[in-house]
Structures are given as C-alpha cells and as structure tokens.
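Protein chains in written order, with the working numbering: chain A, 1 to 485; chain B, 486 to 652.
Keep in mind that the hints were calculated from the coordinates and are not lab data.
Computed from a prediction, not measured in an experiment: that's the story for all the values here.
Do not take every clue at face value.
What the hints assert, rightly or not - Computed footprint of chain B on chain A; a stretch qualifies when at least three of its residues, placed anywhere within it, have a C-beta under 8 Å from a C-beta of chain B:
id	region
1	141-153
2	158-171
Claimed, not checked - If you only want the chain A side, here are some residues facing chain B, beta carbon under 10 Å, derived:
id	residue
3	Gln133
4	Gly137
5	Arg186
6	Gly193
7	Ala196
8	Ala233
9	Ala241
10	Leu252
11	Ala253
12	Arg304
13	Lys306
Ideal Cβ placement from N, Cα and C applies to all residues, glycine included.
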Amino acid sequence: MTVLTPLLNEGRRMLSQRPVPRALVYAETWSRAIVLLAAGDLTLLSLWGDASQVHMALLDPEDHSVGVVTLACHDGHYPSVGMAHPPAIRLERAIRDLYGFVPDDLPDTRAWLDHRDGTNYAFLPVEGVGLHQIPVGPVHAGIIEPGHFRFTCDGETVVRLEQRLGYVHKGVDELLAGSPVGQVARIACRVSGDSAVALGIGFARAVEAALHFTPPQRAIWLRALMAELERIANHLGDFGAICNDASFSMMLAHCAVLRERVLRATDAAFGHRLMMDRIVPGGVSVDLDAQNIAAIMGLVSDVRGKFAALTALYDRTASLQDRTVGTGILKPELARQFGAGGYVGRASGRDFDARKHVGYAPYDELTFEVPVLTDGDVNARIWIRAREIGQSLALIEQILRGLPEGGVIAEMPVSSGEALTLTEAFRGDVLVWLRVNQGTVERCHIRDASWFQWPLLEAVVEGNIVADFPLCNKSFNCSYSGHDL
Amino acid sequence: MLRFLREGLRPPLTEPRPAVDPEFATLATSLNETAQRRLGHSLSIRQVDAGSCNGCELEIHALNNAFYDIERFGIRFVASPRHADVLLVTGPVTRNMREALERTWRATPDPKWVVAVGDCGADGGVFAASSAVVGGVSAVVPVDLVISGCPPSPARLLTGLLSLFRD
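Input sequences plus hints: build the corresponding full structure.
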C-alpha cells in the first residue's frame, strides 16, 4: 500500500502546483514524513527553503508517485529531517546558510555552503594510533572542479574520507529569484555545464507545467534527442577517464575521439557543442535539418561499432579489471536509503530512472531498458554506463525515425503557477521546482543528483587504498557546481 | 583488436595548427616581448577552476584529444602551480574560491602569466550579479589574456594559448 497519498491528504492541498501535488502540513505530519523516510517507506527527493517555509519533495518507491509537503516556519525553526534521515543533513545545512532556517536537533551545526569560517572549518575529530591525514584541494591536480577531501589513513588504507564542498557556490538561488524566465533558463543550464540539456529540459518542463502549456511535439522529441546525445558524450568521457585513472590511457585516447565526434555532430546540428541555451521554455531554439539527421544517424552507427570494440577491450583486459572489480563498493541498502540516482544507484540495485518511472514525453512512446546491476563496485558503474550508451544510441535512432513534423517553438502564455519536474540527466535525476508569476521566476530550486551521491562517495572509499580513490571518485563523477549552486 | 586500436586513431586525426586570430594577435603584442621570448615553445599550464559550471573544463579537457593534441605545441598541463608558467583560470571567481585562487597565484613562480577562460572568467558572465561571486578573474589576480566564449571551443582555446608564443 502506498503511503504518500494519505500523508498528503493530512495537509491542505495547494492546487496551484502541477503536475505533482503539494500539501501545506502541520509539524505532526512533517514528523510522520520523517518517520516514513527513516523506515525506508519514502525516498527523499529534495528539501529546500522558501519565504518563511520549507518544502520537502518525496518519492513513494512503491508506485513512484511524487509529492511535496510544506511546513511554515514562522519562528525560523523546523523539525530536522537529517536527525533521523542522514541524506537530508547537507540539504539542511545549506538551507540554514541560504535562508537562515534552523533545523531543530540537527547534531551537525557547521555551515556548508557558507565559507565565512574560512580555513577554521571544524573537520570531524580523528583519534587512533598511527593514523595520518591527507588534505587534498580545493585546487586539485587535474582539470577538475574544486572541492576539499580530507583523508584519514591507516597506512595505505583510507579509514575515513570527509568532504568539504561549496567552493563553487555561485548564489544560484538568489540569482534566479525575481529574474525573467528567459534569463533563468540561461542560468539553469549553467548550474552544471555537463548537464546543460537535462537542466534546460527540467526548467522548461517546469515552466510549461506551471503555465498549463504544451510545447510543439517536434520540440519535445528534439529535446530527448539532445538529452541522449548529452548522455552518450558524458558516458564516453567517463568510460575513458575511469580507465585512465587505472593508468590505461589508451582507453581515454579512443573514448575522447568518440566524444569529440559526438560534440562536433551536436555543434553542426544545433550550433553549440554542449547544446547550451538550445532548450527554452516553449520549445527548442533550433530545428534539425535533413542533412544533420543523416549525419547523426551516421554518428550512431560509427559510435556503436567502435564503442563495442572498446567495451570488448575492457572486458578482456584483466589488469584493468583488477583495479575496478571489488573497488569502491556501494551497498544496495545505502543506495536505496539515499535515493541514489543514475549509474551510482543502478550499479547498486536501485533501478529508478525518471524517464521510465516518473515518465515524461516522449519517453512514453519510446522503447528502452534501464540496466541494473547489484555489485556496486567501480566495475559495475562502468558497465552501467556502457549499457546506457547502447540504450541511448537505440533511442536516438527511434527519435530520428519518429520525429514529428511541425514547428519547434510556440508563444508561451504570460500567467502564473508553480510546478515540480524530475528529469533524467546523465548522472541521475534532476529536480526542478519553481513558482512563476507573470513571466518572472519568483523562486526556483534546482537539485542535482550529486546531492545524494557525494555523501555515498565518502562511504564507498572506506577500506580502499588511497590510490583507488581516483577510480572511486571518477566512477561517481559527481558535480561540484551542480551541488554547490 | 590490435588492428582496430591502430585504425581507431588513423588516418592521423590531428588537425593543422589553427590560423592566428587577429583578436588574440592584438592582445599578444601587448604581452611583454621578453615574456614571449622566455616562454619559447614550452608552456606548463596549471588549470584552476575558480567557480566555473564545468563547461569550460570539459572543453579544456578536449585539448588533449587526438584532434587538438595540444602537447605537440609544447603545451602541457601540470599538477602543481609550482611547476607552472601559466594559470588557466575559469569561472566567475566565487567568494569561496577567492583565497584558494590567490594562494595558487602566489605559489606559482615568477615569471608567470594568467589566462582567464570563458565569459564568466572574463567578467563573471551570467553569475556576475550574485553576491556570492567576486567577479571575473581580473577582480582577484592580474590577467594577461582573456579567451572568451561560453564555453570557448577547443579550437578557440588553442588559438588563444598559441598567441602566448612568438612565432
């Protein structure tokens, strides 16, 4: 039996929100939601602040229904979710930094996105004979985003990793509030540049849902085409980069060539390699011509053939698998508890995929499978990516064959409303919630999949050797920018 | 398999050296002549993300692929600012990265140059209005060259970086 609907029925339904329900609840219902989260009957999708209230988005794992409960916190306090349900801890620390609302009874009172305490941040105390610490970052050795990792080691073995994030906090919440829809669309796809398409789709779908508007069919299909191209490009990059972190640099060389071919095709077809600003509320900003349809079809068969050879190479290189098999194991129970999305969850038995389980157009008309494994190690996360590339290639062919005719953008009504959407980015589900009023975004919350994946990286590294951290980290490939907002 | 691997990168995918872009040529002449002589044809780059969305990083990464093969020009990415001639800085500089950027700059031995990458690196871009953002790279450290774009393509990055050399 589902538990979300009765919970929402305890509160007052806010009819303005689409397509998922939102209910204004009292502290008693809020606390009941916390109990259900802690018991595993509900999955936390996000937690965010608003003017004098906090919202909590919940997923019912039974039927994949989604709902939001809202609690007014006039005195600036609310009952902590993180106290009983750890996945909420960092979100609550962020809400306190950005909105000043205090989660009552949350044991961790340290700031998260607010770095005013500078280098005096209190890392968790460590005691033990022979333990040493390795501080890394925020400026890392590679070409990657900034964050701080504090390793505590016993010899070569990591006994604890503590992350400190927030270095690329750009005040996105503040920037979005009160901005025109068009401006917010530009910023939304730059919340994490590697997921520009998925974030763009999430935001556009939310605006359209809030305003009861359906964009042209062709635009919906072109969005999915771009999303699958983005997924393939990122997975190809990751596949090569993970192998490179095991010093198998040849794989990176080959994958980087394939990735470049994808980006050149997207540049030719849509005028931007990362397809930023191509998805706009109301449709897409650029149509696809016959020549580029043929070019993308050619790309699909080229990538399919060459990537099959690369996966075969991975599959028969024992020295490479020696580094990936059994490394950085994420237990299925943790993946479930944290609602881990994308390849992180799917390599550990959690099959959730927003395209399939929440569902949105045009995926309801397309045939694809969501690969799931249960080993939870680096190897499993590599194989999920490899299989998803295969699924995305097949999806692109279906999209190109079934692409509806017609326009790609339509005039949006100027009105008001609120909405919540879940969109499947390459790294997992992205949640966008917003309230729009006469063409202005009053408030917009964007939750990247990384929020629930970063804490799990701390867990999987434990007991691995320091030299395997790059493999674990790259196999997660969490977004810093998408998390730091 | 071996045949596939050999042929995967053949015929050579590496593209010819990009033509000099007048935009960068003007900027480059404003660089100290001695500086350009000193750099010769060897350049060690430390990349610093001071707040970017990761878009610029993806395109900087692409410089290492077989199409651009940046190392053939003597340009390579190094792991420490102490080994670097150039800091390649992306992003609007966030308040939270300001100190790290300053410390990285101080850790880079003289003579050193700073290249700001991307529209955000240039002036803060779409994030300029945020109170969590200090501004473009030049708001924190002196900048010698700006390679704009959102993000700049690898070809554009390559053209910009090559302008640091004197032919």
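Here is what the structure says about each hint:
{"no.": "1", "hint": "141-153", "verdict": "holds (count 6)"}
{"no.": "2", "hint": "158-171", "verdict": "holds (count 6)"}
{"no.": "3", "hint": "Gln133", "verdict": "violated, 19 Å"}
{"no.": "4", "hint": "Gly137", "verdict": "holds, 8 Å"}
{"no.": "5", "hint": "Arg186", "verdict": "holds, 6 Å"}
{"no.": "6", "hint": "Gly193", "verdict": "holds, 3 Å"}
{"no.": "7", "hint": "Ala196", "verdict": "holds, 7 Å"}
{"no.": "8", "hint": "Ala233", "verdict": "holds, 9 Å"}
{"no.": "9", "hint": "Ala241", "verdict": "holds, 9 Å"}
{"no.": "10", "hint": "Leu252", "verdict": "holds, 8 Å"}
{"no.": "11", "hint": "Ala253", "verdict": "holds, 6 Å"}
{"no.": "12", "hint": "Arg304", "verdict": "violated, 14 Å"}
{"no.": "13", "hint": "Lys306", "verdict": "holds, 6 Å"}
Of the numbered hints listed earlier, those contradicted by the structure are 3 and 12.
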